[in-house]
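Residue numbers (the numbering used here), protein chains in the order written: chain L, 25 to 460; chain S, 57 to 501.
It is possible that part of the hints are untrue.
[Said to hold, decoys possible] Restricting the straight-line Cα-Cα distance to at most 30 Å, the calculated cross-link-like pairs of lysine-lysine (BS3-like) are:
#1 S:Lys219 to S:Lys277
#2 S:Lys81 to L:Lys36
#3 S:Lys81 to L:Lys31
#4 S:Lys81 to L:Lys98
#5 S:Lys277 to L:Lys98
#6 S:Lys355 to S:Lys474
#7 L:Lys36 to S:Lys474
#8 S:Lys277 to S:Lys81
#9 L:Lys362 to L:Lys274
#10 S:Lys474 to S:Lys219
#11 S:Lys355 to S:Lys405
#12 S:Lys474 to L:Lys31
#13 S:Lys219 to L:Lys274
Read the hints as simulated data drawn from the structure, not as lab findings.
Read off the chains here:
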Amino acid sequence: MPTRRTKIPATKYPVERFSLDNGLRVVLTPDRSAPVIGVAVVYDVGIRSEPEGRTGFAHLFEHLMFQGSENLEKLAHFRHVQGAGGTFNGSTHLDYTDYFETLPSNALERALFLEADRMRGPRLTEENLRNQVDVVKEEIRVNVLNRPYGGFPWLTLPPVMFDTFPNAHDGYGSFDDLESATVADAADFFRRYYASGNAVLAVSGDIDVTEATELIERHFGDVPARPAPARPDFAEPDLTAERRRSYTDKLAPLPAVAGAWRVPDPLTDFTGYLPYVVLAEVLTDGDASRLVERLVQRDRTVTSLGGYLGFMGDPFDVRDPTALLLQAHLPPGGDVDKVLRTIDEELDRLATDGLTDGELARTQARMATHLLRDTDALLGRALRMAVLEQQRGEPGLLNELPRLVGEVTEEQVVAAAATLRPERRASIEVLAGGAR
Amino acid sequence: MTATVETGTRPLPPLGPNRRLKVPKQAERTLANGLTVIAVRRNAVPLVELRLWMPAGRTHLARGAMLAQTILAGTPTLSATQIAAELQKVGGALSAGLDPDRLMLSGASLGTGLDRMLEILADVLTGATYPGDWVETERDRLVDRIQVAQSQPAHLARTALLKRIYGRHPYAVQTPEPDQVRAVRPPALRRLHAERVHPAGAVLVLVGDVQPERAVDAAEKALAGWNGAGRAEELPPAPPLEPGPLLLVDRPGSVQSSLRIALPAVPRTHPDHAALQLANLLFGGYFSSRWVENIREDKGYTYGPHSLVEHSVAGSVLIAAAEVATEVTAPALLETTYELGRLAALPPKPEELEQARQYALGTLQLGMSTQTGLASLTSAYAGNGLRLDFLAEHASRLARATVDDVAEAAARYLAPAKAVTVVLGDAERIADSLATLGPVRTEAA
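With the rest of the complex left out, here is chain S:
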């Protein structure tokens, strides 16, 4: 080894005292129509962020996707182009997106544009017209987008994993087929809008350079007339994971394999959650984790492996993901299983836990230090029935979790025996070596 610098003996400076987590100034009101409005002040830049979370469980997949694609396509008084132009005038824009839990309208504008953005939002919510020509254009564009998605390995791997872990649950399929999209017509969208775009159970979050009470007043003024009628849908709980043979999804010619491993997890409010979050960090949830240090920094098998607890309304799941070179697919899986097993079977070192704990606590502070971070967090919490003050409780749970708690959580949730594994890659090149590690079932992509 040719080292190019002498090693030195300068000591690492200690950290100063921890700053207390301070929840910013906020206001909340539930309007007569059932809409909850939460406004949070953070005024480092003169902007305001908007997130409207509307429950959308069990929405027809293709119609739901098309509704998100065209909800901003016109109102009785404004065309799609006019909506976009009117929003631009106040530095604003809105966009819509759907997942199996919610329909989300989000945007941002200059702080002075809040009233106008809310006014346009109200027009859209109460009067979206779904004009035929626009729906037709957007239908084709959505089909194009789905085709592009279906050529992405990350999308294909996720699609296969969701189907494998959710079976017949509504979470199992989250992208519509092009033919289903082509069949969507404007009347179906207007019907769906009437059924599902309603204020009951919805949460509007406004974050930025605003006085919280005044922002809530502005939202009430703009949105009080939004109709409360409509239908609520309950999602059934997500099914437990059922371990089984590794599912190998064939993608001939792939120069990498997409490794996906699902493990059980619990919601944010569960007593095990903080310990599970720490166990996940130790495994693969941040760069200084065992998995990343092993398969990237030691072996060079991969670029960006990561694992994450994903929370949805009907259940939580831990997903570990890595794109590895085709020729090291089986060795990478072996190391992954080893690291999961080691964490599940042996307690972590106290200093390793301290490092993960500091990371978890510190990144809570970082997440709250921007308008977009606060808006996303407030909205995700509210969609799951929580408020920002839960942060303080979560922080204290993170601070209290012991080595034993984390070891127990690792044994309960991260044991390789509980894993559901999907690999997307060139089956001809990787099937045999994967089969040396355990049973494999192969499918076409």
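Okay, chain L solo, but in the shape it has when bound:
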């Protein structure tokens, strides 16, 4: 007897969209339930767009956007946001770069002023550039060089899977490339990519739509109009033969492995893409998932396990080419070949025997919780909607995701599993150089 399935709830966040004359696209999503707002500006440029010889430049440039602008001295941005009771940050992804604040809602106009000011132009100086190159090098040391598994697998797997510079290179950047960066490079990068026509502004939370619209016109209306640059084609053919590499991490105490398979284009074939998002969770979400049961509990060949879409774990804000990833840490002396073979075997079993009763429904219910939880924070809502607007022209898709995930069928998940063949897989193995 099939088990009764839990009804998947939906959010009804309102969405207002419009564009300014200079091409800036705007998304507003009011919610008066707390006196807080989220403000996000997303530029359609990321790691994939940085020039050869300038690895890490998109991220370095993100840092430079905080170093002062037309009306703001260095340090002023931070002080004005935090002095209004808010928090801020920015982050660089494969296909976009975001800048954002969460603030008490009485700081709405201030936040708009700050974002508009740097959209008109950051103060790019030699001194600020050298300072931020130093800061970024320390960031890379903290996150990659001075710790075990640094950059695994988001920096170490793409060069196995991909052949072209945009998709394969190290997005944090080499120290040589970072040190070679110039103010002129930064000015070019800004002119080309940080155009009003290449940006989306999203504001969520305690706002009045009419008032917010007026304030946005006032502050962003005279940002000079520049069109979005043509986006290059980053496409690469799928793999036809297995690729595998390994490297020694001298700090790592345990072996680890990550494998990836290409998935359908998330933008042009969303229906074909979604079953892979669900499949990753069927395989790895919690103690009742297939690979955890098999590899962690039964075989004990793996000590921890994860599965997700996109090298940065970003299923709904990445463009093609992208991948489904599985990653595992192994016990001391663990056998990576055996783990990969078992994963193949489990994928086969799924493709052949299908899912068990209720397996899909419970996974979908859990995914709904994750999706909803991400949008509870106003900032999460603004960021997600900004990227959905930028990449799809469809910010309201955020409201639909739990339902769309819930509508993926068993047949689709099984068909997706059948495509994850060893000959389409790229994998990277970490040899435990720090094993004791």
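Fit chain S to the known structure of chain L by using the hints.
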């Protein structure tokens, strides 16, 4: 300098009027078995967050860690896999964690799944079975995790700092040794469960798309049968900091040094707390602080320096942490000491204090604007005997603190003479330059 934009003269827009801090709708009840239940309404998404805080002071380290690792591994009616699957059906999951103060069970589910999540929680609390095969697997996994932790500089630095500041107090060691973990057997876990997993003194917090009274009713219905027996343990007060030579922990080959500085602090309810919190913000508690502006934005020594007042049941401590490039370890420490000394010896500027005050007040609002933020805050407060209405009192103390109050707090708590300093890094490369600043004692990691 080649500036790329003309400087302009547009004025910074002023802030609108401050919004009042509004505590959300809530209900509270203490059940006959001693469990306190607090339910708070925030319904922006149709979910519910759950936090169960159980006092766990003086728990045997390895057994406690293994109990957290295996408490969800089975009940008389459900296997571990079934527990996970049943929770998933309502969009839920539970996890357990232990620190020297508490055992915490936390999770979230769809709002409609609250009853089922509570039912499973009750099964686990009253009937966790600690099956042998599962315990064996989890023992190995915990040992693996500890090994990974021990290869992380942040973990090693914290371990050394805790040992240095807490001496013989139970807070001194918070991670068990692999051999101790390997010795844990299921009967010891069942015994520990019977002794320590009990409702007296525990607090269950539910936050989300719920009617608070109804959520408390649901918790009472599910958990009234949880047994009240068990043993309570008092933690001794944490010892005062004892300044001494800088402790240099050697990590050969390290490309950065992990700087950790402990300073005295007071609990949330202490009259100095608001002023101390503001003094900490001025020093290194937020990005626009003196320390961050100095060693990151001016000198480029580091990426993410930060300082924080950490509250535990047995005492509070201020900890400043930065990962700095190996070659600038001593200069970074010098600037750190300078900034602490400057704040302790000279009063801050009024506008600098205003900025920190706005940040402290604003982030209170931000913290309450999500279900997870509210759940964590409510639970942390309740674990320390406070309720959400303390927020309003804290906000008014923050609003009232004067330049003199903050200067006094800085002199009392942030003076470099009171600091306990630990540096983890490549001793061969940094010991000599650190020794130019003061006495150094070196240890192996």
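For each hint given before, does the structure comply? Return the numbers of the non-compliant ones in rising order.
1, 4, 5, 7 and 12
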